Amino acid sequence: MTEKAVIDAQVLFYFHYDYKKVPLMLQELKKKVIDGKITVIIPTIAISELVWKMRKTDKIDAVKRAIERWEKSENVIIDDFDIEIIKLMLKNIESHELHDEIIAMTCKKYNTCIIYSTDKNYEEIFKLKLRSWR
Amino acid sequence: MTEKLTQKVSSNGRIVIPKEWRDKLAINDTNLVEMELNEDKVILIRKKIHPLEIEDNLFEGVSPFTDEELEEVKRSLFPIKD
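The listed protein sequences derive, respectively, from chains A and B.
In terms of this note's numbering, the first sequence has 23 at position 23, counting the first letter as 1, and numbering is strictly consecutive.
In terms of this note's numbering, the second sequence has 8 at position 8, counting the first letter as 1, and numbering is strictly consecutive.
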């Protein structure tokens with residue numbers, strides 16, 4: 001079965017950045033996606049973070065092109081924040097930072113515990129397997 | 001430059017892409033090819049490119065997210081009153 005992983009906004013950025021400056025772990029991830037060895041799930045909330053960053057640098061057209069490529073890509077799923085994620089959130093007794101909780105519940109929605117990010121909260125609070133390049 | 005060759009087609013329609021051409025296009029057994037039939041005469045075979053393979057550095061000139069930006073964008077999504 002193909003491995004599945006959720007990725008955060010930083011990974012989205014590195015997917016379209018100067019290859020030589022991309023951390024080795026993310027170079028390998030990209031190659032695995034291209035070769036069909038992993039499916040990555042992009043939460044729409046992560047895309048919104050990228051939009052926020054690129055708007056500051058007047059690079060919105062680049063984001064539009066990136067989104068078009070993700071939509072056409074095999075082994076890439078863009079996940080809409082939806083009621084299924086809310087229902088998974090209802091099972092959590094404690095309140096968490098909403099951003100992190102939505103992304104963590106996206107992992108649950110796709111039955112994976114792997115997340116590519118540098119945020120240790122995913123590991124410490126949500127008990128996910130963090131693949132951090134730092 | 002156009003290179004041409006003639007090949008025998010097997011009984012079930014298989015043909016072989018010559019190794020030299022596969023090497024030139026970096027085609028291996030993990031890749032897919034797209035086939036196109038033009039005007040009921042010409043078959044065009046093209047290496048299928050995954051959109052993530054396009055190395056045009058879309059975000060050139062922008063620095064990766066800093067820790068401060070990651071915090072700021074989270075607060076922007078779900079503002080917290082201090």
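There may be inaccurate statements among the hints.
What the hints assert, rightly or not - Only pairs whose alpha carbons sit at most 30 Å apart, straight line, appear in this in silico DSS-like list of lysine-lysine:
#1 B:Lys-41 <-> A:Lys-32
#2 B:Lys-8 <-> A:Lys-64
#3 B:Lys-4 <-> A:Lys-32
#4 B:Lys-8 <-> A:Lys-127
#5 B:Lys-8 <-> A:Lys-31
#6 B:Lys-74 <-> A:Lys-129
#7 A:Lys-4 <-> A:Lys-127
#8 A:Lys-91 <-> A:Lys-59
#9 A:Lys-109 <-> B:Lys-74
#10 A:Lys-120 <-> A:Lys-37
#11 A:Lys-37 <-> A:Lys-56
#12 A:Lys-20 <-> A:Lys-56
#13 A:Lys-21 <-> B:Lys-74
#14 A:Lys-20 <-> B:Lys-8
#15 A:Lys-4 <-> B:Lys-19
#16 A:Lys-21 <-> A:Lys-32
#17 A:Lys-64 <-> B:Lys-47
#18 B:Lys-8 <-> A:Lys-72
#19 A:Lys-20 <-> B:Lys-74
#20 A:Lys-87 <-> B:Lys-8
#21 B:Lys-8 <-> B:Lys-47
#22 A:Lys-109 <-> A:Lys-129
#23 B:Lys-74 <-> A:Lys-56
#24 B:Lys-8 <-> A:Lys-32
#25 A:Lys-37 <-> B:Lys-8
#26 A:Lys-4 <-> B:Lys-8
#27 B:Lys-41 <-> A:Lys-4
#28 B:Lys-24 <-> A:Lys-59
Worth flagging that the hints you see were computed from the coordinates, not collected in a lab.
Predicted, not measured: the structure shown is a model, and the values here were computed from it.
Against the structure, the hints:
no. : hint                    : result
1   : B:Lys-41 <-> A:Lys-32   : 37 Å, violated
2   : B:Lys-8 <-> A:Lys-64    : 46 Å, violated
3   : B:Lys-4 <-> A:Lys-32    : 34 Å, violated
4   : B:Lys-8 <-> A:Lys-127   : 58 Å, violated
5   : B:Lys-8 <-> A:Lys-31    : 35 Å, violated
6   : B:Lys-74 <-> A:Lys-129  : 21 Å, holds
7   : A:Lys-4 <-> A:Lys-127   : 16 Å, holds
8   : A:Lys-91 <-> A:Lys-59   : 39 Å, violated
9   : A:Lys-109 <-> B:Lys-74  : 21 Å, holds
10  : A:Lys-120 <-> A:Lys-37  : 25 Å, holds
11  : A:Lys-37 <-> A:Lys-56   : 34 Å, violated
12  : A:Lys-20 <-> A:Lys-56   : 24 Å, holds
13  : A:Lys-21 <-> B:Lys-74   : 25 Å, holds
14  : A:Lys-20 <-> B:Lys-8    : 44 Å, violated
15  : A:Lys-4 <-> B:Lys-19    : 33 Å, violated
16  : A:Lys-21 <-> A:Lys-32   : 18 Å, holds
17  : A:Lys-64 <-> B:Lys-47   : 25 Å, holds
18  : B:Lys-8 <-> A:Lys-72    : 35 Å, violated
19  : A:Lys-20 <-> B:Lys-74   : 28 Å, holds
20  : A:Lys-87 <-> B:Lys-8    : 59 Å, violated
21  : B:Lys-8 <-> B:Lys-47    : 21 Å, holds
22  : A:Lys-109 <-> A:Lys-129 : 15 Å, holds
23  : B:Lys-74 <-> A:Lys-56   : 15 Å, holds
24  : B:Lys-8 <-> A:Lys-32    : 35 Å, violated
25  : A:Lys-37 <-> B:Lys-8    : 34 Å, violated
26  : A:Lys-4 <-> B:Lys-8     : 42 Å, violated
27  : B:Lys-41 <-> A:Lys-4    : 42 Å, violated
28  : B:Lys-24 <-> A:Lys-59   : 34 Å, violated
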